[in-house]
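Peer 1: Take a look at the letters that make up each chain.
2 protein chains.
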Amino acid sequence: MHINKTMLFKGIDENDCKRMLKCFKAEEKNYKSGDTICNYSEKTDFIGIVTSGSVNVIRGDENGNISILEHIEENGLFGKYFIYPASVGEGIYVVCDCACTVIFIESFHITKRCSKACVCHSTVVSNMFDIVTEKSKELSSHLIVLSCRSTREKLLCCFRLLSAQSQSTSFELPFSATALAEYICVDRSAMTRELKKMKEECIITMNKRKVTLL
Amino acid sequence: MHINKTMLFKGIDENDCKRMLKCFKAEEKNYKSGDTICNYSEKTDFIGIVTSGSVNVIRGDENGNISILEHIEENGLFGKYFIYPASVGEGIYVVCDCACTVIFIESFHITKRCSKACVCHSTVVSNMFDIVTEKSKELSSHLIVLSCRSTREKLLCCFRLLSAQSQSTSFELPFSATALAEYICVDRSAMTRELKKMKEECIITMNKRKVTLL
DNA sequence: AATGTGTTGTTGCTTTTGCAACAAATATAA
DNA sequence: TTATATTTGTTGCAAAAGCAACAACACATT
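Going down the list, the sequences are from chains A and B. Final position of the first sequence in my numbering is 204; the numbers increase by one with none missing. Final position of the second sequence in my numbering is 204; the numbers increase by one with none missing.
Fair warning: there could be bad hints in the mix.
To be verified - A few chain B residues that face chain A, going by a derived Cβ cut-off under 7 Å, partial list only: (1) Lys8; (2) Asn55; (3) Ile73; (4) Thr123; (5) Ser137.
As the list claims (entries may be wrong) - Calculated lysine-lysine pairs in the DSSO-like style (CA-CA distance at most 27 Å, straight line): (6) Lys33(A) / Lys127(B); (7) Lys102(A) / Lys102(B); (8) Lys127(B) / Lys127(A); (9) Lys127(A) / Lys33(B); (10) Lys106(A) / Lys127(A); (11) Lys187(B) / Lys200(B); (12) Lys127(B) / Lys102(A); (13) Lys127(A) / Lys0(B); (14) Lys102(B) / Lys(-5)(A); (15) Lys102(B) / Lys8(B); (16) Lys102(B) / Lys0(A); (17) Lys102(B) / Lys127(A); (18) Lys102(A) / Lys0(B); (19) Lys19(B) / Lys102(B); (20) Lys(-5)(B) / Lys102(A); (21) Lys189(B) / Lys200(B).
Said to hold, decoys possible - What follows is a set of in silico ranges between Cβ atoms, one per label pair, in the way DEER data are often shown: (22) Arg139(B) / Val109(A): 45 to 55 Å; (23) Lys(-5)(A) / Ser23(B): 21 to 31 Å; (24) Asp25(B) / Gln155(A): 52 to 62 Å; (25) Ser112(A) / Leu203(B): 17 to 27 Å.
For the record, the hints were derived by calculation from the structure and aren't laboratory data. None of the values given here were measured: they were computed from a predicted structure. Ideal Cβ placement from N, Cα and C applies to all residues, glycine included.
Given only the sequences and the hints, what does the whole structure look like? Please build it.
Peer 2: Right under this line is the structure:
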């Protein structure tokens, strides 16, 4: 594992990274698929760096519906306080999408400079800016998907964004069908029904997770 | 108008602000209620600082439905490139909520340091970080609202967030009824019907824009 | 006060979506 | 491999939400 492949330590020498991780009192943990990594109702303010695998930030409601708020791939980062307002957190969890490794760092280590004032800390702060900007873009894309009024429009909007990302009319879904329904916040069976109609109307083709917009 | 009341120039001396605005080739424009300020499908990369009034970032779909993506109050900031991914923009507009004044600055002036290398530019960059963080929090709150499956849950979720913000069970809606429906992305008449039921079930009381959670 | 413009409230009807339940297919673990 | 769990596809039925149309109301302008 190369820590400088992660978004937070990008552009920093591997040895400097190791030194900083020690200084930041970073802790590494391993999880298996389906494990709950943390609960955003906890008050502790830390960030999690996903060094292998991928995780989802989910919200569960009182009726048992699950919604995926964020999907975080390898080398991505999650954390309550730098993205959600203090008042939310109830019902929000980070769960493993597959077996994964996460490095935890308490947030104040990132934001407040330590006495050693190492130069590479500036790079971390600058990377943090890029991460927050990137997160905004992902949140806004997701918001645009959810602002669509019908299941079909949500699906098409989501597919168009993925298509633009891959610069092709064909692309691989980063989700299972169940997870896709949770991401667009609709009932799974209703989504399947709509996808079937869309295939029949020749708007899309689907093969496992590979989607093509026609 | 005090430019250092805005989020971007916070903490900077008024004279320095004026000097920077000149250096940034800032342009001020006035609008009246309902005016379209800009269209995010345009390629120009600028930010807009709302120095008076308030604006909404909206998205219109092919059926004529309007969704409010962001609501920006006085001293807030809008801009396509620091928040939306390059592929979106089609159908997204910034419109005036009421008469307002906006200062436009091309983004590269903010991100790229000019040769004069003034100290206060660092404060602007640091403020920009805070603004993006703040935006993330607003986007994530909105996302949580839209992740709710029913109109009632969307309303309650939205009301609970506003209640937490005002630290009271009573609060003033920042929206008209029509705009609230556009913010939670549901049909206005269906929303009114649901609000009526909620009043009858003694879950809320409403008086004009003042809402109380019971 | 009269007029026009826009917002809010209301309702019947239609369509979409959610829910529940189960079968089929696939993946995972023993 | 076999057993077990999970995911996917399907459907009928009920509930929720959207649509359209209009009346009531509020507000600003003349």
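Peer 1: Against each hint, give a clear statement of whether it holds in the structure.
Peer 2: Evaluated hints:
1. Lys8: Violated - the Cβ of Lys8(B) stays beyond 7 Å from chain A, reaching only about 26 Å at its closest.
2. Asn55: Holds. Min distance 6 Å.
3. Ile73: holds, 5 Å
4. Thr123: With a minimum Cβ separation of about 6 Å from chain A (threshold 7 Å), the hint on Thr123(B) holds.
5. Ser137: holds, 4 Å
6. Lys33(A) / Lys127(B): holds, 17 Å
7. Lys102(A) / Lys102(B): Within the cut-off at roughly 24 Å; holds.
8. Lys127(B) / Lys127(A): Holds: Lys127(B) and Lys127(A) sit about 12 Å apart, inside 27 Å.
9. Lys127(A) / Lys33(B): holds, 17 Å
10. Lys106(A) / Lys127(A): Between Lys106(A) and Lys127(A) the Cα gap is close to 34 Å, so the pair fails against 27 Å, i.e. violated.
11. Lys187(B) / Lys200(B): holds, 17 Å
12. Lys127(B) / Lys102(A): The given pair, whose Cα atoms are some 21 Å apart, holds under the 27 Å limit.
13. Lys127(A) / Lys0(B): holds, 24 Å
14. Lys102(B) / Lys(-5)(A): Given pair Lys102(B), Lys(-5)(A) holds - Cα atoms ~25 Å apart, limit 27 Å.
15. Lys102(B) / Lys8(B): holds, 18 Å
16. Lys102(B) / Lys0(A): holds, 20 Å
17. Lys102(B) / Lys127(A): Holds. Lys102(B) to Lys127(A) sits at ~21 Å (cutoff 27 Å).
18. Lys102(A) / Lys0(B): Between Lys102(A) and Lys0(B) the Cα gap is close to 20 Å, so the pair holds against 27 Å.
19. Lys19(B) / Lys102(B): holds, 24 Å
20. Lys(-5)(B) / Lys102(A): Satisfied, since the Cα-Cα distance of roughly 25 Å is no more than 27 Å.
21. Lys189(B) / Lys200(B): Holds - the C-alpha atoms of Lys200(B) and Lys189(B) are around 13 Å apart, at most 27 Å.
22. Arg139(B) / Val109(A): 45 to 55 Å: holds, 49 Å
23. Lys(-5)(A) / Ser23(B): 21 to 31 Å: violated, 50 Å
24. Asp25(B) / Gln155(A): 52 to 62 Å: Violated, at about 33 Å.
25. Ser112(A) / Leu203(B): 17 to 27 Å: violated, 45 Å
In this structure, the hints that do not hold are numbers 1, 10, 23, 24, 25, in rising order.
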